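So the sequence lines, in the order shown, correspond to chains R and D. Be aware that the first sequence starts at 1, since it is given in this note's numbering, and climbs by one per residue. Be aware that the second sequence starts at 1001, since it is given in this note's numbering, and climbs by one per residue.
In case anyone wonders, no lab produced these hints; they're calculated from the structure. Predicted, not measured: the structure shown is a model, and the values here were computed from it. By construction, the Cβ of each residue, glycine as well, lies at the ideal position given by its N, Cα and C atoms. Incorrect hints may have been included.
Cβ-to-Cβ under 7 Å is the rule here; a few derived chain R residues that face chain D [stated by the list, open to error]:
hint	residue
1	16
2	45
3	49
4	58
5	61
6	80
7	83
8	87
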Amino acid sequence: MYKELVKQSLSIKLFASIRQAMNSNEIKINIDNEITVLQMKEIIFETFPNLKKLNIPFFVAVNHKYSKDSDVIDTNDEIALFPYVSGG
Amino acid sequence: MITITEKPIDVDKLLDYVSDQSSGASVLFTGTVRDHNEQDKVSELHYEAYQEMAEKILQEIENEVHAKWKINKFIAIHRTGTLKVGEVSVAVAVSSEHRKEAFEACKFAIDSIKEKAPIWKKEFTESGTKWVEAIAK
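Pulled out of the complex, with its shape left as it was, chain D reads as follows:
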């Protein structure tokens, strides 16, 4: 399951969603807003998404995960809008029979989301605002 939402991410609910009696392992990744980037002190981040495309890309990533690993359940959520330091901006949870598949699938999913999902963040710092855009691909 995948979601792009403005609502706060409840990580406990993600773990509840992926947990089932046939899974011996659940892996949860959360990305949170950090209080600094390089030298700048960050107060909040604003996330903008190309919603329809981001949903399609996340769905493709989920499909790819299911094709590559034997996992039981998968959920990925990315938040948009303005987030304060410490808030969860992205979360991925995966369950599988044994831990190896869940760890690998979770890492692949978050790496793919960061590389492909059309979502951007703008930093609010003491010196002003700045769009964060990766230089190299």
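So that you can see chain R by itself, here it is in the shape it has in the complex:
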């Protein structure tokens, strides 16, 4: 028997200049069960080369916390991608 790998859809919220450049509040990528934030970034760039071309430095938040590349995520997590902040 082999385990069937089912790709799942992961939604990523976008904000500010990245949201505007992508003309969307959210993008979706397909992932295996669990991946790291670093792997997710690679999939995002493969799926959305135009986002990579923007060349805007960004943060990834996982469940409302700033993430590290080594953090492990799945489709139950709330993921957001946004440029450096400028509030105040």
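Model the placement of chain D on the given structure of chain R, informed by the hints.
Positioned in the frame of chain R, the structure of chain D alone reads:
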């Protein structure tokens, strides 16, 4: 107490909130929309927030302030939406027995909000619109 709101910030209410009879000092910081940025003449700013995360970050900052300083009351409000020149975009008020703690806590809070809260501003100038994003962290 922390809030992210589209409604105008009433700074008098913030001072009323932090004032109490055991506090000898109240410190209020307000950030207002400036009419220029570098060479550009600014007419208004649009603030966008990742609301749920911004609320959590502000709450963490309040918790940190209470852990670091002996203060009595704390309130921080950040506004979102479109603001004209002169309007208050962010305000922090702190009260304590003596002024030192209130000054230090207020500075720490506004510095932390600017560094960590997921909020962005877009400038409206004569030459068009531009997102303001810090380059270095």
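Do the hints match the structure? See the list:
Hint on residue 16 of chain R holds. Least Cβ distance to chain D is approximately 4 Å, under the 7 Å limit. With its C-beta approaching chain D no nearer than about 19 Å, residue 45 of chain R sits outside the 7 Å limit, and its interface hint is violated. At a threshold of 7 Å, the smallest CB-CB gap from residue 49 of chain R to chain D is about 21 Å, leaving the interface hint violated. The beta carbon of residue 58 of chain R is not positioned within 7 Å of any beta carbon in chain D (closest approach about 9 Å), and the interface hint is therefore violated.
At about 6 Å, the closest approach between the beta carbon of residue 61 of chain R and any beta carbon in chain D falls short of 7 Å, and the interface hint on this residue holds. For residue 80 of chain R, the suggested interface contact is upheld, since its CB lies about 6 Å from the closest CB of chain D, less than 7 Å. Residue-level restraint check for residue 83 of chain R holds (minimum Cβ-Cβ distance to chain D is 5 Å; threshold 7 Å). For residue 87 of chain R, the shortest C-beta to C-beta distance to chain D is roughly 3 Å, which falls under 7 Å, so the interface hint holds.
The structure fails to meet hints 2, 3 and 4 from the earlier list, while all remaining hints are met.
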